[in-house]
Amino acid sequence: MLFDDFCETMKMKSLISCAFSTVALASFGQLNNGTFTGNIDATFQYLNADTLINAKQPDSKSLINSYANVFYTNGNFKAGMRLESYLPRIQGYPDRFEGTGLGMRYVGYTNSYIDVTLGNFYEQFGSGLIFRSYEDRALGYDNNMDGMRLIFRPAKGVVLKGIYGKQRLSFTDGKVVKASGIVRGIDGEIHVNDLLEKYMKDSKLDIVLGGSFVSKYQKDDNPDLILPQNVGAYSGRLGLKYSKFSFNAEYAVKENDPSEDNNNIYNKGHAALANLGYSQKGFGIVVSAKSVDNMSFRSDRTKSLQDVLINYLPSMNKTHTYNLVATLYPYATQPLGEVAYQTELLYTFKKGSKIGGKYGLPINANFSTTYGPIHHTSGFSPTDSNGIAYQGRLFDQSKLQYWQDININITKKFNANYSMIFSYFNIRLNNDISKVADDAHGIIESHIGVVEVNWKINKTNSVRAEFQGLFTKKDKGNWATAVIEYNVSPNWFFSVMDQYNYGNPLKELQLHYLIGSFGYIRDATRFMVSYGRQRAGLFCVGGVCRFVPASNGLTLTFTQSF
Amino acid sequence: MKRILFIFSVVAYCTASFAQDHETGKKLPSVQLKNMDGKSVNTAELGLKGPIVISFWATWCAPCKRELNTIHDLYTDWQAETGVTLIAVSIDDEKTKNQVPVYVNGKSWDYIVLMDPNGDFKRAMGVNNVPHTFLIDNEGNIVYSHNNYAPGDEEKLYQEILSLKEKSK
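For the record, the sequence lines run as chains A and B.
Mapping of the first sequence onto our numbering: residues 1 to 562, in sequence order.
Mapping of the second sequence onto our numbering: residues 1 to 169, in sequence order.
Here chain A stands alone, though its shape is the one from the complex (with noise of 0.2 Å):
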């Protein structure tokens, strides 16, 4: 709006007063013009089609996402949006992504005791359990929610969240479609050693409380049973640190929630999820236990898959970076139900002792497993009326494996310039469970041994290369990778990859999988090429997994932050 317009609507007709108020504002932004913030990001793709790997050419050939988000903060006051642009979308994102628009918004205001955010924001309670939305691009995962979110902290230590919304979906046409029901909560957390710091200044125990509840309505549209309209959610957590000890602790309860997911029963369902760590200089060790039966939680009962979700459900095993370790046989979080446990351990051999030599030798091993839980049916019958059809108990495991995953790993340094590491890896991923597989049944066994050495040739170039064996006895059978990297610093890389399937029991599809790469970097602005076949795979983060089909071409990518 002009601000002569807005004089007229405002009926000041002098124009010295006016004047004034123009002036009045811009010296108040001239005090303090405020900072932008954001980023840009873009991936392109030209494919071509192989008839070997299944890869298609899409009728438009070309491919692109663009994403621009403008954050903006001016003392209290804050706004931030983000435009997003499918043209269409890459391979793998949701199919229903489509058009050019604004995908996110909102204008805020905060101070030293008060947040509030109107539009869309990301927020999680505890460790969202029962409510987390947040994005992830790399993903196409993005349940933001659009509404009203108030946090307050009242006194130190004190922190008490309101929130208020409708999820997002999906983008279509170039807008958000927004999820049927309605998500609303508060969350408070306690630190009681700062709420009580006269009386808690030399305590050695540190105590953090906290507790929330969710709640999301959505209408009852089906005509042959009667869903409830409302669903509560509630948890508690615990936080205690005493010395070089750890421990976090919570618990969360979902009301009857009859959904697709569960086949529309009307149990109630848990989570539980414990973690107790101790670490010290050069030694850190961390054991988890995690429990779930019937926690999957939407704002719409009919969606599946990672549309809508309100809760988020960690699963229980660390995040692997190699390439045949990360993509082949990932594991995804069911939150129809599992236990499951993990310990992750690190610990530096001391410099200049026998074993550490003159660098100290860092040894990381982790290991988890994950087991179905059991469900008690005696006593429940599928036509009984209250439509409850067993009862789950906590960490209560059947013998049935869904997951286990033992990892070590050694990175030794031989001078300034040379070091190695060497990994092994056993994943055993039940199929039949988290599928991952097309032509494989029950447990799928791999056993991969991962070697990477990093050579710095001066100050400004080195190289990395990584030597990759997996071997299987079935799905498509052992694979070999291999991973040259050049780089210059600060500004090129240049890599190479070949990953080859030498052990598909198919004689024909024993292929090579070759990519090139290079990029160019200055300060936050990053350009890459890459061109290659590249197989199809599950890429997930945080357990959160997407499935992207084999492709043979070109994608360029460009970020740039500000």
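No lab work stands behind these hints, which were simulated from the structure alone.
A few of these clues could be false.
Stated by the list, open to error - The calculated lysine to aspartate or glutamate pairs, modelled on DMTMM-like cross-linking and capped at a C-alpha distance of 25 Å, are:
1) K358(A) to D77(B)
2) K435(A) to D396(A)
3) K459(A) to D73(B)
4) K167(B) to D523(A)
5) K399(A) to E452(A)
6) K241(A) to D77(B)
7) K198(A) to D77(B)
Starting from the known structure of chain A, fit chain B onto it as the hints suggest.
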């Protein structure tokens, strides 16, 4: 005519104040995070003296760990010569968050470690992907940033810290 003059003066005013904004640089946004011990920290009120390096990383990000382990070996010298403080902001979410203290202590890092499990600070800083490293001057202005890590990038970062040190003299 009055109208045109009026609009012109408004535009001129805005342009002038905007130009001035450019010189003051980009300020560190204010986000409430927790450190590894669970204490609340406001990113705009870090209360540190001297230059600050903010490095976004995660336990599952190999180049991030390469960068922070490389700087770890140089950190004592860097601190002695420039008074720099490094803040390692972990974007690990609930899945891997508990592995952060294991890694940080297991590697004996001396950095200040902040937790950003839902990416609030990451978003506010305009970070697309990790590693992403920022250099902040004494007044809280972001003066340099670099995406990605390749061996040798730490030299460039150190040059930037030194030139910041020179300027502030």
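Hint check results:
Using a Cα cut-off of 25 Å, the hinted pair K358(A) and D77(B) holds, with the two alpha carbons roughly 18 Å apart. Of the supplied pair hints, the one linking K435(A) and D396(A) holds, its CA atoms being roughly 23 Å apart against a limit of 25 Å. A hinted pair counts as satisfied when its Cα atoms are at most 25 Å apart, and K459(A) with D73(B) qualifies at roughly 16 Å. A C-alpha spacing of about 20 Å is found between K167(B) and D523(A), which places the hinted pair at or below 25 Å, so the restraint holds.
A distance of roughly 37 Å separates the Cα atoms of K399(A) and E452(A); the hinted pair therefore is violated under the 25 Å criterion. This hinted pair does not check out: K241(A) and D77(B) have alpha carbons roughly 32 Å apart, beyond 25 Å. For the proposed pair K198(A) and D77(B), the alpha carbon gap of about 38 Å is over 25 Å, so the pair is violated.
Going through the hint list in order, the structure does not satisfy hints 5, 6, 7.
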